[in-house]
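Protein chains in written order, with the numbering used here: chain A, 1 to 218; chain B, 219 to 436; chain C, 437 to 654; chain D, 655 to 872.
No wet-lab data here; the hints were simulated from the structure. Worth double-checking, as some hints may not be accurate.
[Stated by the list, open to error] Short derived list, chain C residues pointing at chain D, Cβ under 8 Å:
| hint | residue |
| --- | --- |
| 1 | K574 |
| 2 | W626 |
| 3 | G647 |
Glycine included, every Cβ here is placed at the ideal spot set by N, Cα and C.
Residue-level listing of the chains:
There are 4 protein chains.
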Amino acid sequence: MQESSQTTLEKPSATRRKREKAHRERTILDAALTLFVEKGFHQTSANEIANAAEVSVGTVYFYFKNKEALLIRLTQDISYELRKLVGSEFSKSDGSLKGFRRAGISFFKDFCIPHPEKVTLLFREAVGHSTEVEEARKKGFTQLTEDVRKAILFMADNMNRPLTTPESAEVLAVSIVGIYERVAYNYLFWKDDGADILKVGDDAVTFLVAGVERFLKP
Amino acid sequence: MQESSQTTLEKPSATRRKREKAHRERTILDAALTLFVEKGFHQTSANEIANAAEVSVGTVYFYFKNKEALLIRLTQDISYELRKLVGSEFSKSDGSLKGFRRAGISFFKDFCIPHPEKVTLLFREAVGHSTEVEEARKKGFTQLTEDVRKAILFMADNMNRPLTTPESAEVLAVSIVGIYERVAYNYLFWKDDGADILKVGDDAVTFLVAGVERFLKP
Amino acid sequence: MQESSQTTLEKPSATRRKREKAHRERTILDAALTLFVEKGFHQTSANEIANAAEVSVGTVYFYFKNKEALLIRLTQDISYELRKLVGSEFSKSDGSLKGFRRAGISFFKDFCIPHPEKVTLLFREAVGHSTEVEEARKKGFTQLTEDVRKAILFMADNMNRPLTTPESAEVLAVSIVGIYERVAYNYLFWKDDGADILKVGDDAVTFLVAGVERFLKP
Amino acid sequence: MQESSQTTLEKPSATRRKREKAHRERTILDAALTLFVEKGFHQTSANEIANAAEVSVGTVYFYFKNKEALLIRLTQDISYELRKLVGSEFSKSDGSLKGFRRAGISFFKDFCIPHPEKVTLLFREAVGHSTEVEEARKKGFTQLTEDVRKAILFMADNMNRPLTTPESAEVLAVSIVGIYERVAYNYLFWKDDGADILKVGDDAVTFLVAGVERFLKP
DNA sequence: GATGAATGAGCTTTCATTCAT
DNA sequence: TATGAATGAAAGCTCATTCAT
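Please put together the full structure from these sequences, using the hints given.
Right under this line is the structure:
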C-alpha cells in the first residue's frame, strides 16, 4: 500500500517492518532454490521449504500464491541476474570482438562457477512445468537472446563489418545461448573428470566468435 | 528394443505373441509420449495412459515397472532414433564439410519437422527428473555428442586439416549439440511467427561449420 | 459400462463383483449419513467416513467424485424414498380426503419415526451448500410439492369439488410441505418434552386438510 | 444489542466512541451478512469479511469472538427484527382474524420483499452448524412460534370462539411458521417464473386462517 | 483500539502401485 | 496375460485465530 521508505517522515517501525518483510521473502526464496536444486521441484514439499526457511507453511503461502510461484520468481530473478551480469560486461566493452569474448568468458567465470545452483535451476529445474513457468523461462531466454543479438549488431556496426544477412543475427544469438547453456550444464554436471570449465569455456567462445565472423562482411 | 521373431524355428504362436506383445508395448509408449507432451509428465496419470492405450492400468504395469520407466524408455528410444538418423546421414558422407552440413540440415528436416513431439520430450519433458531419467538423458546426449566429435575428427582427418587442439573436439561437439537443441526448441515452440525452420537451420549450420573450421589447421 | 446382471449368460464372478460394488457404495453412503447427522457435514472428514465404512479414503474417492457428491447422493436417495413412501400411500387412496390424511400421517409414522436421521439430513445437513447440493435439494422438494399438488387436484376432481382458484393448488402444496418439514423438525429435535409426534402430526394434518377444503367449491 | 448513549451524564467523547463502536460493529455485521448470503458461510473467510468492512482481521476479532459469533449475532438480530415486525403488526390489531391476516401479509410485504438476504440467512445459511448456532436458530423460531401461538389464543379469546383443543395451538403455530418459511423461500429463490409473491402470500394466509378456524369452536 | 503478519492443525484430494480374480 | 477395484501415503493449500507492535 505505501511504497518503500520515503526518505524521511515515516514511522521507523514501518520501515523496519518493510525490511523484514523483504528479508522473509528472500529467506524463503533461498531455501526453495537450495531444495529445488538438491531434491528437485516435485520432490520438495512446501513444508520442507518452510522448515528450511524457518517459517511456517502458512508464511510461505502468505508470501507466495503457491509452490509454482516460487519457481517462477526464482526463474525470473536468476534470468535477470544473468542478463545484468552479461550485459554489464558488454557495456564495459567498446563493441569489439574482444568485448564480446569477455562477456562470454564472464558467463562461465562469474556466473557458472560461483552459482552452479542457479545454472541448475535455470537449465534443469525450471524446465517442463506449467505454461506460467514456461512463460517465465521463455521470457528469460528471449531477453538474453535479444541482448546477444544486439551485441552482435553493435559489434558489426562498430567494426564497420556489416552482417551479410542482418536477419541472421537472431539465429546466431539463439545458437550462442544454446552453446552457453549446454556447455555449462555438460561440464558442470555431466562430466566429472576435472575438466577445466574456464578452458572449455574459452574454446566455446573461440568457436562461436568464429561462427559470428563468418556472417560479417570482410 | 529389438527382440522380435528371430529367423525361423519357433512356434508360430509364440512368434505372434511376441509381435502382439511388442505391439502392446508400442501402443502404450505412443500413448505415453502423446500425453507427456500434451499435458506434461506429472500431469499425466497412469490411468490416463492406460485409457489412451486402450488397456488397463494393470497392463501398463505389466509392461513397465513404473511410470518413470516409460519416460526413460521414451528418452532412450528417441535418443537412439535421433542418433541413427544423424549418424546415417554422416555415414553416407565422404567426410567432407558438405556431409557434415547435410547431417545438420537433416536434423531439422527429418527429425524436428516430422516429429516435434519427440523434440519436446527430449528437450523439455525428460528434463528435471530422478537420477535414472537424468542418466538416460545424459547418455543420449553424450552419445550424440560423441558421434559429432568423431565426425569432426573424421572430417579433419579426411580433409587433411588436423585440429589445432585435438582435445577441443569435444567442446565443439557439445556446443554443436547445444545449438541444435536450442535452435530447434526456440523456433519450433517459442517463436510463433512463421519463421522458416529450414532457413534458420541452414544459418545455424553455416554458423557452426565456420566455428569448426576455426579449429582446423589451414 | 455393462448394465446389471442380464438374466443369464454372464460370468458368475462378474455378477458377484457388481453386487459387491453396489454394496460398497451403500456402506459408504450409510457411514456418511450417520456421520453427517452426528457431527455435521463440515465436521466430518473424508477419512472418518472411510474408517466408518471400513474402507480406505481412496475407495471413497473411487466411488464418489468428492465429499459433496456423497451429500448430493444422500439428498437424492432420501428425497426419492420419501416421495415413494408418500406417493404410494396416495396411490392406495381413492382420492378422498381420507387418503390425503393417511398419506400425511404416514409421513410421520413411517418416515420420521423410523428414520429421524434422514429427516435431519434433508432438513438440516443438506441446507446451505454449493449450487449442486442446493439443486438436488430443490429438485427433491419440488417433486414432492408437485406430488402434493397433483393429489389435491385429483382429490378435488374425485370429490367433484373443483378448486375455487386452480392455480392456487401449488401454493397449497408448498405450504403443506412447509408444515410437514417444520413440524417434523420441531417435534423431533427441538422439543425434548415427550411430545407425541403422532398426536401433533394428526393435528397438523387436520389443520392442513381444513386449509385445503377452504379452496374447494362446496 | 442496544447499549448506546444512555440519557445524560457521560463524557461526550465516550458517547462518541460508543457510537463509533456500534457503527463499526454494524459495518462488520453487514459485510458478513452480504458475504454469507452471497458465497455461503464456509466459503467466506474472516479476511474477506474484514476487507468488505474495510477493517483489518484483527478488528473483526476484536468485536466478535469468532466467525461463528457473527453468524449467531446475525441470526439473533434478524430473528428479533422479524418478531418485532410481525408482532407490531399484531399489536396494532384488535385480535380479529383480519389482524391475524394482516400480520401474515406483512411478513411477505415488509420482510421478504425488502430483505431477501435476511430470509436467506435465516432459512439457509444459519442451518446446519454448531450447537451454538442451532441454539440461536431454535430460539428465534421458538419465540416466533410462541408469538403466533399467543396470537391465536388472543384471537380465539377475543372472538369468543375458544379452541376445541387448546393444547393444539402450538402445533398450529409451528405449522404456520413452517408455511411462511417454505413459501417465502420457494417463491423467492426456487421459482424463477415471476410468481407474484404477494399473491401467493395471500393464498397461503387464506389457507392457514382456514386451518386455524377449523380449531375454533363455532 | 487497530493492524496484519504469522501460525500450523487439518482438510480434501490425487495417484502410483498392487494383487486377487 | 489382463483386469480394475482397492489402497494409503503424501502433498498442497486454506483459514480461523493470535499477538507484537
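Exercise for review: Please name the hints from earlier in the document that this structure breaks, with their numbers sorted from lowest to highest.
Suggested key: none
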